[in-house]
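Fit chain to chain and form the complex, with the hints in mind.
Sequences listed follow chains A and B, in order. For the first sequence, our numbering gives the first residue as 1, with consecutive numbering after it. For the second sequence, our numbering gives the first residue as 206, with consecutive numbering after it.
The hints are all genuine.
A partial selection of chain A residues facing chain B, derived with a Cβ cut-off under 10 angstroms:
hint, residue
1, 19
2, 42
3, 45
4, 46
5, 48
6, 55
7, 56
8, 59
9, 78
10, 84
11, 174
12, 178
13, 181
14, 182
What the hints contain is simulated information worked out from the structure, not anything from laboratory work. The beta carbon of each residue, even a glycine, is placed where N, CA and C say it ideally should be.
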Amino acid sequence: MRRHTAVKTLVSCLANNDVAIFSGKDICKDAYKYDRPGNLYLNEELSPAPLALGVANGTNKRVFVFCEDSIFLRDISSLAQIAVSKCTNLFYVVLVTGIYSSTGTPTIFNEISAPKGVMFNMGFLVHNYTNLFKLPGIAKELKAIWSKARGPMTVFVDVTAHKVKGLVEVKQDLSAFREFVTDRTLGTSVYQPEYNLENMTLFGD
Amino acid sequence: MVKAKDFLYHLCEDLDYRFFSGIPCATTAPLFKHMSADILHYIPAVHDQAAATMVAGTWLSGFKSCAILNVEAINGINWYLIKEVPILFIVAIGEKYNFKNRFITATLSDSFSKVCTSLDTRINTKGAPGLLLVKEGVFV
Numbered sequence: 001m002r003r004h005t006a007v008k009t010l011v012s013c014l015a016n017n018d019v020a021i022f023s024g025k026d027i028c029k030d031a032y033k034y035d036r037p038g039n040l041y042l043n044e045e046l047s048p049a050p051l052a053l054g055v056a057n058g059t060n061k062r063v064f065v066f067c068e069d070s071i072f073l074r075d076i077s078s079l080a081q082i083a084v085s086k087c088t089n090l091f092y093v094v095l096v097t098g099i100y101s102s103t104g105t106p107t108i109f110n111e112i113s114a115p116k117g118v119m120f121n122m123g124f125l126v127h128n129y130t131n132l133f134k135l136p137g138i139a140k141e142l143k144a145i146w147s148k149a150r151g152p153m154t155v156f157v158d159v160t161a162h163k164v165k166g167l168v169e170v171k172q173d174l175s176a177f178r179e180f181v182t183d184r185t186l187g188t189s190v191y192q193p194e195y196n197l198e199n200m201t202l203f204g205d
Numbered sequence: 206m207v208k209a210k211d212f213l214y215h216l217c218e219d220l221d222y223r224f225f226s227g228i229p230c231a232t233t234a235p236l237f238k239h240m241s242a243d244i245l246h247y248i249p250a251v252h253d254q255a256a257a258t259m260v261a262g263t264w265l266s267g268f269k270s271c272a273i274l275n276v277e278a279i280n281g282i283n284w285y286l287i288k289e290v291p292i293l294f295i296v297a298i299g300e301k302y303n304f305k306n307r308f309i310t311a312t313l314s315d316s317f318s319k320v321c322t323s324l325d326t327r328i329n330t331k332g333a334p335g336l337l338l339v340k341e342g343v344f345v
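Excised from the complex, chain B in its bound form (with noise of 0.2 angstroms):
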């Protein structure tokens, strides 16, 4: 069990991800409900791949930004110009998902600031979007 209130606080003010965007789902949804103005910068989206795309584009502006989305929108992602960017997503994963090595990715769990911080660092190397892989009922 992750406390969704102290992970965005790792997140924001340890890893400085300002920007955040995405749909929320039952699994995330206890991330949207801590989101604080004092900490952070949302912004609502229409889709999946709005989200996506303005999470990059607020990487282009200078802002290191996440966005939070389901495993059924990573397959409908147009990857074009977002594959380059180093940014972060957070997913909401079922009992199946495959991404066959094709995206950096960690599975989240109750040590949080250990996988963040490392999942941040291999993406900032590798300068490519990388996975935060949640699983139903770890937020609370």
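Bound-form chain A, shown alone (with noise of 0.2 angstroms):
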């Protein structure tokens, strides 16, 4: 699947009230042609991880971060105080090309042999979609899952870096999007299980 196409894809899946950061110039591009309020835009240089466990400290509402494998990878050590954070509201998407999408040479993601099992013994819960975008109403099926999904949460996808002809360059707002995350009245959308096993009591106890 392309790039573009996977980004328009999860960006509908998000709801109302969804905080989205994105990461790296192109993925910026491909989201910014969907733009919503509660997107942020970041160029390549900064990481998006410790900004993302900023946010989602302060507010309630869901934290999604979209990135490319090279930021993911830069990302790492952040990674791991994300998984410690135990933040429920925060979920890191990864749509892996493999390559540095500046220049075209490859990452070392590729490489690596088991980064979803990294991923998943830092602390994440993990999810793979590679498989699940090529079937047909993904974005359905997609909703679904996040409805009932808890943070933090890493999830891969294995996609093309295309570039697509005609986006243009990302204008960033950042007291609209202050604006946006401060706004209480907008409620949230992260999963409230409807039994609490962490306070629920053994017989006898």
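Rendered as structure tokens:
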């Protein structure tokens, strides 16, 4: 699947009150075509993971990060911090192209024996949607999965890095983003289980 | 000499800084020792850049926040996006440092409440990060 199509599908699965942070020049351009309130676009130089952790700590909204594997590799120390934080509203989506999109040279991602295992052992819930994205009607399916998922979660999707022509440069409005995050009236889409097992007591306790 | 406990109380209760992150060093160690969950929320950071980016994130979610770093870390930080965010940096300085008027700065002295209030006002007026410079041995 092409990265642009994957981004389009993933953005369509977000709820109205979700926060989305896009990192990387090409992903930002792809996502900006489907711009929505609550989107933040970062260039490649700034790590999205600590920023997302900061935002997730101060809000009850779901916070999604969308980035390529090149940024994931650079972010891995901060991802350990996210795993330890146990933020249930934080979701980290990695679009795996296997290359640096600016130069086309390969990343080491595909040489790592089990990147998903690394994330799982850190303490993340790990989903792989590569095969799911081959099915028709994926957006509906994905919405249903995400409506009952809790973080910290990492999602991996294998994509191809095709550049789409005619995409415009991203214009960032930081104050509008802050207004969206701090708007308590929007509510949250974080899944609340019917029975909270953490607070349940065993018979005889 | 500034009592770390009083300084933190002023920062949290009077100036409303609630989120803290950072990397400890000998100069700022008393601050970390006197942090209390009753008045602030501390998020440990894996490295300096993560601390700076994280406090920028907490500001974006509506809270005033502060990063505690060493002077060497300031030169290594990528200021993209962070330069547009009014956050406080408490910076431990050594003998040599030169920011060449790049930031809003103030040096911590015994009259800390006056210095902090004035720096906080400048940070919020300009909408940019401010550096509170702390010399070795100031905190007890």
